[in-house]
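Enquirer: As you go down the protein sequences, you meet chains W and Y in turn.
Residues 38 to 179 in the numbering used here are what the first sequence lists, from first letter to last.
Residues 305 to 388 in the numbering used here are what the second sequence lists, from first letter to last.
These are computed hints drawn from the structure, not numbers from a lab.
The C-beta atom is built at its ideal place from N, Cα and C for all residues, glycine as well.
Hints may be right or wrong, so weigh each one.
[What the hints assert, rightly or not] Label pairs and their calculated CB-CB ranges:
no., chain 1, residue 1, chain 2, residue 2, range
1, Y, Ala376, W, Asn40, 36 to 44 Å
2, Y, Leu385, W, Phe79, 47 to 55 Å
3, Y, Glu356, W, Glu64, 13 to 21 Å
4, Y, Ser330, W, Glu75, 29 to 37 Å
5, Y, Gln366, W, Asn42, 30 to 38 Å
[Stated by the list, open to error] Computed cross-link-like contacts, DSS-like style, restricted to lysine-lysine with a CA-CA straight-line distance of at most 27 Å:
no., chain 1, residue 1, chain 2, residue 2
6, Y, Lys342, Y, Lys315
7, W, Lys162, W, Lys51
8, Y, Lys375, Y, Lys307
9, Y, Lys315, Y, Lys375
10, W, Lys117, Y, Lys307
11, W, Lys147, Y, Lys358
12, W, Lys158, W, Lys140
13, W, Lys158, Y, Lys358
14, W, Lys46, W, Lys133
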Amino acid sequence: MTNQNILSKLPYSKPFLFVDEIIRIDENGVEGSYTFDENLDFYKGHFKDKPVTPGVILTEVMGQIGVVCLGIFLLNDTIKKDTAIALTSTNIEFLKVVLPNEKVTVISEKIYFRFGKLKCKVMMKNTKEEIVCRGEIAGMMI
Amino acid sequence: MNKQEIIGHLKAIVQPYIQDQTAFESLTEDTDFINDLKINSANLVDVILDIEEKFDIIIDNQAMEKMINVKAAIEIIEMHLAEK
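So here's chain W without its partners, still in its complex pose (with noise of 0.2 Å):
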């Protein structure tokens, strides 16, 4: 499957969609991008008159990244139109803050796909390559 045809199989739309490009990808990982535009609706309320890109938007780009396309890409052909995904679990530490235009890369391995069930270690690093957050991020097929 080709990387432009994992992005259109992405089960998301603006403004909830938080990947731009997936650089590499194979059955053990991937990795991907995501440029934060400034006039993302959220900047406006975290926090005020000071925007800074809240952790459950950080969580939600790794997991889109880590493990959506990953789990679409091992999923290959087998994943059917009504095909439903959920996540299922988060641990994530958060270790450096992200400003509005900031781009940051995600790096995902993953630990197991299982039953359905899909486990990834998960990294998010800035332009300075400095990790601004990581940690496992598990989603199923439901």
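Position chain Y against the provided structure of chain W, taking the given hints into account.
Expert: Here is chain Y on its own, set in the frame of chain W:
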């Protein structure tokens, strides 16, 4: 490994994932993972993977679907251990 030992290992494996403490404390062969212990389906995958690791066996999709209660889990574990 006898049945009581297997149940002992199973109890330790499921403990982090249960949501019903009373059902866990009175766990028997008839205890159902989902209906009694209230283990959610995503965590049931982790239970199965922990069983594989603990008993050094491989559980396939078919066996996974049968593993709905303690009794079925013991049967599948015993079957795999006997094959070794």
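Enquirer: For lysine 162 of chain W and lysine 51 of chain W, compute the direct alpha-carbon distance and say whether it is at most 27 Å.
Expert: 23 Å, holds
Enquirer: Can the restraint linking lysine 375 of chain Y and lysine 307 of chain Y be considered satisfied, given a maximum Cα separation of 27 Å?
Expert: Between lysine 375 of chain Y and lysine 307 of chain Y the Cα gap is close to 10 Å, so the pair holds against 27 Å.
Enquirer: Go ahead and decide if the range 29 to 37 Å is satisfied by the Cβ distance of serine 330 of chain Y to glutamate 75 of chain W.
Expert: This hint is violated: roughly 57 Å between Cβ atoms.
Enquirer: Mind checking the alpha carbons of lysine 158 of chain W and lysine 140 of chain W for me, to see if they're no more than 27 Å apart?
Expert: Answer holds: lysine 158 of chain W to lysine 140 of chain W is near 20 Å, not above 27 Å.
Enquirer: Can you confirm whether the C-alpha distance between lysine 315 of chain Y and lysine 375 of chain Y stays at or below 27 Å?
Expert: Since the Cα atoms of lysine 315 of chain Y and lysine 375 of chain Y sit roughly 13 Å apart, the hinted pair holds (cutoff 27 Å).
Enquirer: Should the hint that glutamate 356 of chain Y and glutamate 64 of chain W are 13 to 21 Å apart at their CB atoms be regarded as holding?
Expert: The hinted range 13 to 21 Å holds for glutamate 356 of chain Y and glutamate 64 of chain W, with Cβ atoms some 20 Å apart.
Enquirer: Assess, step by step, whether the Cα of lysine 147 of chain W is no farther than 27 Å from the Cα of lysine 358 of chain Y, and give holds or violated.
Expert: Given that 27 Å is the threshold and the Cα spacing comes to 21 Å, the pair holds.
Enquirer: Take a look at whether the Cβ-Cβ distance between glutamine 366 of chain Y and asparagine 42 of chain W falls inside 30 to 38 Å.
Expert: Holds: the Cβ-Cβ distance is about 31 Å, inside 30 to 38 Å.
Enquirer: Please check whether leucine 385 of chain Y and phenylalanine 79 of chain W have a Cβ separation lying inside 47 to 55 Å.
Expert: 53 Å, holds
Enquirer: Check the following: the C-beta atoms of alanine 376 of chain Y and asparagine 40 of chain W are separated by a distance inside 36 to 44 Å.
Expert: 42 Å, holds
Enquirer: Just to be careful, I want the Cα atoms of lysine 342 of chain Y and lysine 315 of chain Y compared with a cutoff of 27 Å; is the pair within it?
Expert: Measuring from Cα to Cα gives roughly 14 Å; hence the hint holds.
Enquirer: Just to be careful, I want the Cα atoms of lysine 158 of chain W and lysine 358 of chain Y compared with a cutoff of 27 Å; is the pair within it?
Expert: Satisfied, since the Cα-Cα distance of roughly 22 Å is no more than 27 Å.
Checked against the numbered hints given earlier, this structure breaks hints 4, 10 and 14; the rest are met.
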